[in-house]
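Chains B and W, in that order, are what the protein sequence lines are. The first sequence runs 69 to 351 under our numbering. The second sequence runs 54 to 393 under our numbering.
It should be emphasised that the hints constitute simulated quantities derived from the structure, not laboratory data. A couple of the hints might just be wrong.
[To be verified] Quick list of in silico lysine to aspartate or glutamate cross-link-like pairs, DMTMM-like style, CA-CA up to 20 Å:
no.: 1; chain 1: B; residue 1: 255; chain 2: B; residue 2: 102
no.: 2; chain 1: B; residue 1: 313; chain 2: B; residue 2: 325
no.: 3; chain 1: W; residue 1: 300; chain 2: B; residue 2: 162
no.: 4; chain 1: B; residue 1: 92; chain 2: B; residue 2: 126
no.: 5; chain 1: B; residue 1: 249; chain 2: B; residue 2: 273
no.: 6; chain 1: W; residue 1: 284; chain 2: B; residue 2: 126
no.: 7; chain 1: B; residue 1: 200; chain 2: B; residue 2: 183
no.: 8; chain 1: B; residue 1: 255; chain 2: B; residue 2: 190
no.: 9; chain 1: W; residue 1: 300; chain 2: B; residue 2: 171
no.: 10; chain 1: W; residue 1: 172; chain 2: W; residue 2: 141
no.: 11; chain 1: W; residue 1: 294; chain 2: B; residue 2: 171
no.: 12; chain 1: W; residue 1: 162; chain 2: W; residue 2: 181
no.: 13; chain 1: W; residue 1: 172; chain 2: W; residue 2: 153
no.: 14; chain 1: W; residue 1: 291; chain 2: B; residue 2: 145
no.: 15; chain 1: W; residue 1: 172; chain 2: W; residue 2: 150
no.: 16; chain 1: B; residue 1: 174; chain 2: W; residue 2: 299
no.: 17; chain 1: B; residue 1: 310; chain 2: B; residue 2: 299
no.: 18; chain 1: W; residue 1: 300; chain 2: B; residue 2: 145
no.: 19; chain 1: B; residue 1: 313; chain 2: B; residue 2: 248
no.: 20; chain 1: W; residue 1: 291; chain 2: B; residue 2: 126
no.: 21; chain 1: W; residue 1: 300; chain 2: W; residue 2: 285
no.: 22; chain 1: W; residue 1: 57; chain 2: B; residue 2: 204
no.: 23; chain 1: W; residue 1: 291; chain 2: B; residue 2: 325
no.: 24; chain 1: W; residue 1: 159; chain 2: W; residue 2: 129
no.: 25; chain 1: W; residue 1: 382; chain 2: B; residue 2: 171
no.: 26; chain 1: B; residue 1: 92; chain 2: B; residue 2: 128
no.: 27; chain 1: W; residue 1: 294; chain 2: B; residue 2: 145
no.: 28; chain 1: W; residue 1: 212; chain 2: W; residue 2: 285
no.: 29; chain 1: B; residue 1: 313; chain 2: B; residue 2: 299
no.: 30; chain 1: B; residue 1: 75; chain 2: B; residue 2: 162
no.: 31; chain 1: W; residue 1: 294; chain 2: B; residue 2: 175
no.: 32; chain 1: B; residue 1: 310; chain 2: B; residue 2: 325
no.: 33; chain 1: W; residue 1: 294; chain 2: B; residue 2: 126
[To be verified] Restraint-style ranges between C-beta atoms, simulated for each label pair:
no.: 34; chain 1: W; residue 1: 223; chain 2: B; residue 2: 95; range: 46 to 54 Å
no.: 35; chain 1: W; residue 1: 63; chain 2: B; residue 2: 340; range: 54 to 62 Å
no.: 36; chain 1: W; residue 1: 228; chain 2: B; residue 2: 82; range: 36 to 44 Å
no.: 37; chain 1: W; residue 1: 65; chain 2: B; residue 2: 321; range: 54 to 62 Å
Quick caveat: nothing in here was measured; it's all calculated off a predicted structure. Think of the CB as a built atom: it goes at the ideal place given N, C-alpha and C, for glycine as much as any other residue.
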Amino acid sequence: MAFLELKNVSKGYGHGHDRVDVLKDISMSIDEGEFVAIIGFSGSGKTTLISLISGLIEPDEGEILLNGKPITGPGPDRGVVFQNYSLLPWLTVEGNVALAVNEVFKDWDAERRHEQVLQYVEMVNLTPALQKRPSELSGGMRQRVSVARALAMNPQILLLDEPLSALDALTRGTLQTEIEKIWRNDKKTVILITNDVDEGIILADRIIPLNPGPNATLGPQFDINIDRPRDLNQLNDDDVYKKLKPEIVEYMLEIGDKSASETTLGDLELPDIQPKDLRLKLA
Amino acid sequence: MANKIINFLSFCGLTWFIPFVRLCAGENPKDQVRDIITVIGIPIIAILIFLGFWSFTAAQIKTSLGNLPGPVAVMESGRTLMDEHAAERTKEQAFYERQEQRNAKKLAKNPGAEVKIRKYTGKPTYIDQIGTSLFTVFTGFLIASLIAVPIGVICGLNKYVMTAFNPLIQIFKPVSPLAWLPIVTMVVSALYTTTDGWFEKSFITSAITVALCSLWPSLINTALGVASIDKDYINVAKVLKLGFFEKIFKIVLPASLPYIFTGLRISLGVGWMVLIAAEMLAQNPGLGKFVWDEFQNGSSHSLARILVAVFTIGLIGFMLDRIMVVFQKFVSFGQDVVSA
Numbered sequence: 069m070a071f072l073e074l075k076n077v078s079k080g081y082g083h084g085h086d087r088v089d090v091l092k093d094i095s096m097s098i099d100e101g102e103f104v105a106i107i108g109f110s111g112s113g114k115t116t117l118i119s120l121i122s123g124l125i126e127p128d129e130g131e132i133l134l135n136g137k138p139i140t141g142p143g144p145d146r147g148v149v150f151q152n153y154s155l156l157p158w159l160t161v162e163g164n165v166a167l168a169v170n171e172v173f174k175d176w177d178a179e180r181r182h183e184q185v186l187q188y189v190e191m192v193n194l195t196p197a198l199q200k201r202p203s204e205l206s207g208g209m210r211q212r213v214s215v216a217r218a219l220a221m222n223p224q225i226l227l228l229d230e231p232l233s234a235l236d237a238l239t240r241g242t243l244q245t246e247i248e249k250i251w252r253n254d255k256k257t258v259i260l261i262t263n264d265v266d267e268g269i270i271l272a273d274r275i276i277p278l279n280p281g282p283n284a285t286l287g288p289q290f291d292i293n294i295d296r297p298r299d300l301n302q303l304n305d306d307d308v309y310k311k312l313k314p315e316i317v318e319y320m321l322e323i324g325d326k327s328a329s330e331t332t333l334g335d336l337e338l339p340d341i342q343p344k345d346l347r348l349k350l351a
Numbered sequence: 054m055a056n057k058i059i060n061f062l063s064f065c066g067l068t069w070f071i072p073f074v075r076l077c078a079g080e081n082p083k084d085q086v087r088d089i090i091t092v093i094g095i096p097i098i099a100i101l102i103f104l105g106f107w108s109f110t111a112a113q114i115k116t117s118l119g120n121l122p123g124p125v126a127v128m129e130s131g132r133t134l135m136d137e138h139a140a141e142r143t144k145e146q147a148f149y150e151r152q153e154q155r156n157a158k159k160l161a162k163n164p165g166a167e168v169k170i171r172k173y174t175g176k177p178t179y180i181d182q183i184g185t186s187l188f189t190v191f192t193g194f195l196i197a198s199l200i201a202v203p204i205g206v207i208c209g210l211n212k213y214v215m216t217a218f219n220p221l222i223q224i225f226k227p228v229s230p231l232a233w234l235p236i237v238t239m240v241v242s243a244l245y246t247t248t249d250g251w252f253e254k255s256f257i258t259s260a261i262t263v264a265l266c267s268l269w270p271s272l273i274n275t276a277l278g279v280a281s282i283d284k285d286y287i288n289v290a291k292v293l294k295l296g297f298f299e300k301i302f303k304i305v306l307p308a309s310l311p312y313i314f315t316g317l318r319i320s321l322g323v324g325w326m327v328l329i330a331a332e333m334l335a336q337n338p339g340l341g342k343f344v345w346d347e348f349q350n351g352s353s354h355s356l357a358r359i360l361v362a363v364f365t366i367g368l369i370g371f372m373l374d375r376i377m378v379v380f381q382k383f384v385s386f387g388q389d390v391v392s393a
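All chains, please: the whole structure from these sequences, using the hints.
Written out as structure tokens, the structure reads:
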């Protein structure tokens with residue numbers, strides 16, 4: 069039995085004429101300990117998918133099973149790392165992680181909870197910033213706090229919603245390595261939502277493209293059989309990588325084009341204007 | 054060191070003094086002098102122009118109480134009020150000293166004698182009146198906050214409650230304190246019938262009127278702040294499965310504190326403005342009553358003394374606002390606060 073299973077899940081927003089169907093007939097199953105990346109264009113319904121799994125929204129049709137039991141609402145068994153960190157600005161790094169730990173492990177004594185907080189802050193290398201507030205941290209540090217908060221709840225599954233998309237390339241690389249290391253030690257089930265093919269290849273066991281919405285469906289999956297730990301610098305010489313990357317990119321471009329050609333302008337009347345001279349007059 | 058002082062000054066909104074600190078710290082003197090001229094020179098010039106305009110115009114206006122007082126007359130009145138305060142305090146001290154001497158003599162004659170210290174019953178000085186006003190406005194403000202913030206939170210959380218409260222808020226918000234006062238006076242007289250002397254009726258009436266007029270900005274801002282909490286924070290609460298009260302105290306209230314304090318700041322300003330009118334009519338012995346008494350008194354000094362009160366009211370209002378700005382900044386965690 070699959071660990072997490074989505075069965076014919078559909079979700080749309082609005083009613084009548086304004087209704088937009090975001091996801092249509094999504095089915096997938098994820099095994100325990102697997103790292104799955106879902107890749108899609110902006111606006112293809114990636115965040116809707118992760119909100120469905122986290123239980124923040126409910127599907128219109130179909131069902132989502134975790135360990136064979138349907139998901140009925142959000143809960144700490146699914147740790148979410150939100151795209152924009154969603155740290156509470158009035159709490160310190162310690163406070164943010166402690167809020168989650170104190171809530172989830174109510175029956176532990178204070179000392180054990182405190183240790184749990186320190187352990188996970190240490191895991192993301194933020195012990196020196198323990199007493200700082202989010203506004204004093206860089207984007208990468210904030211995202212690490214967010215990861216620490218999610219992991220400290222000891223969830224069964226970790227949901228990462230474009231966790232690195234707001235960061236600069238260098239920080240992103242470091243954090244990718246860090247996330248991979250944490251995953252290797254922890255062997256948690258992880259679903260990563262991303263729009264970066266390389267990020268998917270470095271981190272995931274499996275990449276599933278999400279075809280652009282409305283009515284987004286899942287594309288064919290790509291298994292990534294590259295040995296871990298994967299080094300971004302050596303990846304370029306890896307044969308599997310060299311074969312896989314163009315395949316995925318080509319598929320993404322194809323579905324991108326298809327969706328662009330499907331979105332017609334309709335009967336929109338365009339102005340009858342021809343550009344005369346596009347060169348700059350320099351003199 | 055210098056940076057710490059500068060941060061503290063800008064935190065308190067005392068930006069005027071920053072160039073001086075920089076100058077002392079030895080930063081480029083030319084820049085600092087230019088800064089001093091802009092942040093202090095320009096306001097001083099504006100004030101001087103205002104004073105000149107005032108003394109010129111005042112001299113032209115003849116009232117039944119003599120000429121409208123100019124800046125100099127007002128300054129003198131201010132000094133007189135301070136002297137009167139000092140004189141009254143000396144009198145008070147002398148009064149208590151006399152009693153103590155008398156009591157000591159009595160006890161020397163007969164160790165078993167009962168001695169009493171009688172309270173001084175002189176009239177309140179200007180400083181006492183300022184104190185009364187501040188105490189009254191804070192009491193009213195406290196009542197208003199205790200009502201407004203909880204209702205505001207409930208309104209912000211539930212749009213049906215908001216829809217229910219909205220017409221009431223909109224109708225009561227613009228009502229003048231002068232309209233509330235007679236009703237409050239009658240209700241207080243009817244309900245507060247004890248004679249334990251804890252509070253004067255006039256004090257309760259004024260405080261409640263202040264509360265009635267100043268609770269609306271806090272209520273509306275709290276509701277707005279709670280309603281516009283970042284959805285991510287609510288999602289965090291959902292993922293953690295926080296209970297209702299935990300959600301309120303750990304997420305909702307901290308997240309909307311900047312809005313709540315903006316509301317409280319406006320409320321305190323409104324309350325201070327309303328208080329003067331309320332004190333005039335309720336005869337609460339504060340600045341409002343001072344102005345009213347001076348007006349009724351109608352001596353040649355009255356107008357100057359009233360003008361002293363005008364400036365006092367303005368300065369205290371300004372100080373209260375600054376204090377609220379500090380609180381506001383304290384709870385905003387790095388977000389900007391408009392301190393104009």
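Pairwise hint evaluation, residue 299 (chain B) against residue 310 (chain B), where the allowed Cα distance is 20 Å at most = holds, 14 Å
Pair hint residue 313 (chain B) and residue 248 (chain B), alpha-carbon separation not exceeding 20 Å = Cα-Cα ~19 Å, so holds.
Holds or violated: residue 284 (chain W) to residue 126 (chain B), with C-alpha atoms at most 20 Å apart = holds, 17 Å
task = Take the C-alpha atoms of residue 313 (chain B) and residue 299 (chain B), compute the straight-line distance between them, and say whether it is at most 20 Å.
result = holds, 15 Å
request  = Take the C-alpha atoms of residue 159 (chain W) and residue 129 (chain W), compute the straight-line distance between them, and say whether it is at most 20 Å.
outcome  = violated, 45 Å
query = Is 36 to 44 Å a correct range for the gap between the Cβ atoms of residue 228 (chain W) and residue 82 (chain B)?
reply = Because 41 Å falls inside the window, the suggested range holds.
query = CB of residue 223 (chain W) to CB of residue 95 (chain B), is that within 46 to 54 Å?
reply = holds, 51 Å
key: Hint consistency between residue 255 (chain B) and residue 102 (chain B) [alpha-carbon to alpha-carbon, up to 20 Å]   = holds, 8 Å
inquiry  = Between the alpha carbons of residue 382 (chain W) and residue 171 (chain B), is the straight-line distance 20 Å or under?
reply    = Not satisfied, since the Cα-Cα distance of roughly 29 Å exceeds 20 Å.
Satisfaction of hint between residue 171 (chain B) and residue 300 (chain W), Cα-Cα up to 20 Å = Holds, at roughly 11 Å.
Straight-line alpha-carbon gap residue 291 (chain W) to residue 126 (chain B), limit 20 Å = holds, 14 Å
Pair hint outcome, residue 172 (chain W) versus residue 153 (chain W) [Cα-Cα no greater than 20 Å] = Answer holds: residue 172 (chain W) to residue 153 (chain W) is near 12 Å, not above 20 Å.
In the structure shown, a violation is registered for the earlier hints numbered 12, 23, 24, 25, 30 and 32, in ascending order.
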